[in-house]
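> Chains as they are written, first to last, in UniProt numbering: chain A, 1 to 592; chain B, 1 to 193.
It is worth saying that the hints were derived from the structure and are not from the lab.
Quick reminder that beta carbons are idealized off the backbone N, C-alpha and C, glycines included.
Hints are not guaranteed to be accurate.
What the hints assert, rightly or not - Using 25 Å as the maximum straight-line C-alpha spacing, the simulated BS3-like pairs for lysine-lysine come out as follows:
no., chain 1, residue 1, chain 2, residue 2
1, A, LYS316, B, LYS89
2, A, LYS406, A, LYS355
3, B, LYS176, A, LYS531
4, A, LYS327, B, LYS83
5, B, LYS59, A, LYS316
6, B, LYS5, A, LYS327
7, B, LYS59, A, LYS533
What the hints assert, rightly or not - Just the calculated beta-carbon pair ranges, DEER-fashion:
no., chain 1, residue 1, chain 2, residue 2, range
8, B, LYS176, A, ILE180, 38 to 48 Å
9, B, LYS176, A, GLY320, 47 to 57 Å
10, A, PHE584, B, ASP166, 29 to 39 Å
11, B, LYS170, A, ASN519, 18 to 28 Å
12, B, THR115, A, ASP540, 21 to 31 Å
13, A, ASP146, B, LYS193, 53 to 63 Å
14, A, LYS2, B, GLY158, 45 to 55 Å
15, B, ASP179, A, PRO560, 51 to 61 Å
16, B, ASP166, A, LYS2, 16 to 26 Å
17, B, LYS193, A, SER381, 50 to 60 Å
18, A, ASP174, B, LYS176, 30 to 40 Å
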Amino acid sequence: MKHLMTGNEAVARGAYEAGVTFASAYPGTPSTEILENMAQYKEDLIAEWAPNEKVALETVIGASMAGARTLAAMKHVGVNVAADPLFTIGYTGITGGLVLVSADDPGCHSSQNEQDNRYYAKFAKIACIEPSDSQESKDYLKAAFDVSEKYDVPVLFRMTTRVCHSKGLVTFEDRKDVPIIPYVKKPTKFISAPANAKMLHPVVEAKLVELEKFSNETPLNRIEWGNKKIGIITSGVAYTYAKEVFGSEASYLKLGFTFPLPMDKIRAFAKEVEVLYVVEELEPFIEEQMKVAGIPCIGKDLIPRIGELNPDIIAKALLGKELETIKANPEMIVSRPPTLCAGCPHRGFFYTLSKKKNVVITGDIGCYTLGSAEPLNATDSVICMGASISMGHGAAQAFKKNNVDKKVVGVIGDSTFFHTGINSLITVAYNGGNTVSVILDNRITGMTGHQENPGSGYTLQGDPANVINIPDLVKAIGIEHIVTVNPLKLDEMDKAIEDAFAFEGPSVIITRWPCALKNFSPEDIKEFDLKKKLCRVVEDKCRGCKICTKTGCPAISFDPTIKKAKINKYMCVGCEVCLQACPFDAIERVGE
Amino acid sequence: MAEVKNILLCGVGGQGIILASKILANGLINAGYDVKMSEVHGMAQRGGSVTTQVRFGEKVHSPIIGKGQADILVSFETMETSKWLDYVKPQGQVVMNDYEIPSAPILSGAATYPTGIIEDISQKIHTTVLKGSELASQIGNIKTMNVIIVGALVKAMGLDASIDWDKVIKANVKEKFVDINIKAFKLGMDQVK
């Protein structure tokens, strides 16, 4: 029996089959479903959400040192956060098999950049394995644990959005129970003090030589002979695209083990074919190393290094072939950017803040990034997790020292605050900042699809958990002016912002209301009035001023023929932000 | 059947496209095909355009297709059909839902919802138009629109008659919604002549 699964589901299954007993991650598209799917194997393993990727990797390093097979998963930019421990475990090696899954996002479907994390493997001197579909995601993950333990090396398991989120058929195998390796204290291995680090570096270099030998021998790097006029060296999902375009009209060296590269195998393959292409997504990771080794090939001269590939792009780049298409009248297309959902608690906050003048708003990563979009146009910056509060502080200090009169507001979500926002707030309090930091606490990790977090009251595997009290935490950091407010009450929201602006010194506003799409917990139902409500436009009173549409609610539209606003009753959840925004009392609650 | 067939489903986040694709893919697996399917998660889902691709045949390599490769474009929302039309083979076909979801620039009055989309597309390619919301209201649940569309798609493509779709629906929707979704599927099939 075969199962239709995403690459992420297959990795979770592979970890289970490989005998993993501990895994940790911070959610991030396209990696999130790996740990979500591992959670189901509660009897056999512990799967945890960590507050950030560095913590996730460090817990996993601890589990490996303790002797267990273990896995960390994160999106590509998450590896930046985890890079500090990553570079040092390249030196120390592991005890129990350790795999770090990096889910890259070519095309920036849901990310702030499209970095190619294969370079991390080379940079940190660890092995890199790349699957190209769901079955390989499961099978190669198991192989990764064997490599990790055989060579005492962490493995970077590099996936991409299409591998993570496309589904293919997968055959299951049974779980292998891997007994924990008995614990032995190894100070020269795990204490990476300078004296030991110096000793470890040559060991790592020797390990890479051994790993290259393995790379030349392993079936993870396989040759598929077809027509020898064209040779294609490829990895990851790009292999499936190349196969789609060339079929048996080319020969393939399909690389599953991409660091260290199998240079002997590559050289032997190159000799057999007339023209040699390297088909890889994003950076010329394979191509550059081949060229350094003196193996001529054609890659990024023809194939774009920007964005996601597909069979179309490869056919056009290498064969000059374009399929015939039909096109709709371009006037029939209006863009459809993502928006904050109907009833989103962030709307009341951004609507209120966007009306303030002379304010710089530093934003962060999450649904509230959409506060930067039309018609709210609130946010000035989004760089990375946690940066809202720290960038805001830097901007405010620069304005102060240079006598520029501007208010600065940093905006961050609950989960992002726990991720790295806490450190940022410490710098504000410690250095006597004067910013307003707003923590949008919607009681869940929203954008990635509702994951529990240290403030939500539950763990990944569904157990009740300690809840961080945000006001108490903020107070302990040293912030004196702290207000908690319901962001859907616009006058209370406005007062909170004005009071914070008037306060000399750093202040924190916590907006507390659950995400409209969330499965409400018993605690949510107790705390908040979440009865389903509905608003409607009273047509006689509506003067067509369009102020309600400025809230950016997808349930509200303006009908240009009758010049009245309209509320879609299937979408409206009765948050009443539009009702409060309307200057003519033309919106009412249904049933009153 | 050696040749790989490509289905592109498009619409707007929240319309149930992922479930529709899942039903479709599972039906095809039961019929013995190799199947690959691709979907989009994350930020794009928040009211933005959503597409999934389902590919089936004896052996499928790539999970995605490029322009000019879909045998059928199945659109859950009128304007989205225009956006994805160049993915269909000129000799392919379109099944489109006559259902408008205005996007943010239209809601705010900065743009208007285009008129004449159905006529534009029907002129260019073999097109079946469904009134999914009316049909769904007829059977009493607007949310069954997605399964009505899958029913129409299955008929339009002339997919393997041996597939037991009732069984697939049972395996993929909550028990209390099984009957209404089976009804929706048949209603969708009836719309295609």
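> Indicate, hint by hint, whether the structure satisfies it.
Each hint tested on the structure:
no.: 1; hint: A:LYS316 / B:LYS89; result: holds, 17 Å
no.: 2; hint: A:LYS406 / A:LYS355; result: holds, 15 Å
no.: 3; hint: B:LYS176 / A:LYS531; result: holds, 23 Å
no.: 4; hint: A:LYS327 / B:LYS83; result: holds, 9 Å
no.: 5; hint: B:LYS59 / A:LYS316; result: holds, 23 Å
no.: 6; hint: B:LYS5 / A:LYS327; result: holds, 21 Å
no.: 7; hint: B:LYS59 / A:LYS533; result: violated, 50 Å
no.: 8; hint: B:LYS176 / A:ILE180: 38 to 48 Å; result: holds, 45 Å
no.: 9; hint: B:LYS176 / A:GLY320: 47 to 57 Å; result: holds, 55 Å
no.: 10; hint: A:PHE584 / B:ASP166: 29 to 39 Å; result: violated, 53 Å
no.: 11; hint: B:LYS170 / A:ASN519: 18 to 28 Å; result: holds, 24 Å
no.: 12; hint: B:THR115 / A:ASP540: 21 to 31 Å; result: holds, 28 Å
no.: 13; hint: A:ASP146 / B:LYS193: 53 to 63 Å; result: holds, 57 Å
no.: 14; hint: A:LYS2 / B:GLY158: 45 to 55 Å; result: violated, 25 Å
no.: 15; hint: B:ASP179 / A:PRO560: 51 to 61 Å; result: violated, 42 Å
no.: 16; hint: B:ASP166 / A:LYS2: 16 to 26 Å; result: holds, 22 Å
no.: 17; hint: B:LYS193 / A:SER381: 50 to 60 Å; result: holds, 55 Å
no.: 18; hint: A:ASP174 / B:LYS176: 30 to 40 Å; result: holds, 35 Å
The earlier numbered hints that this structure contradicts are 7, 10, 14 and 15.
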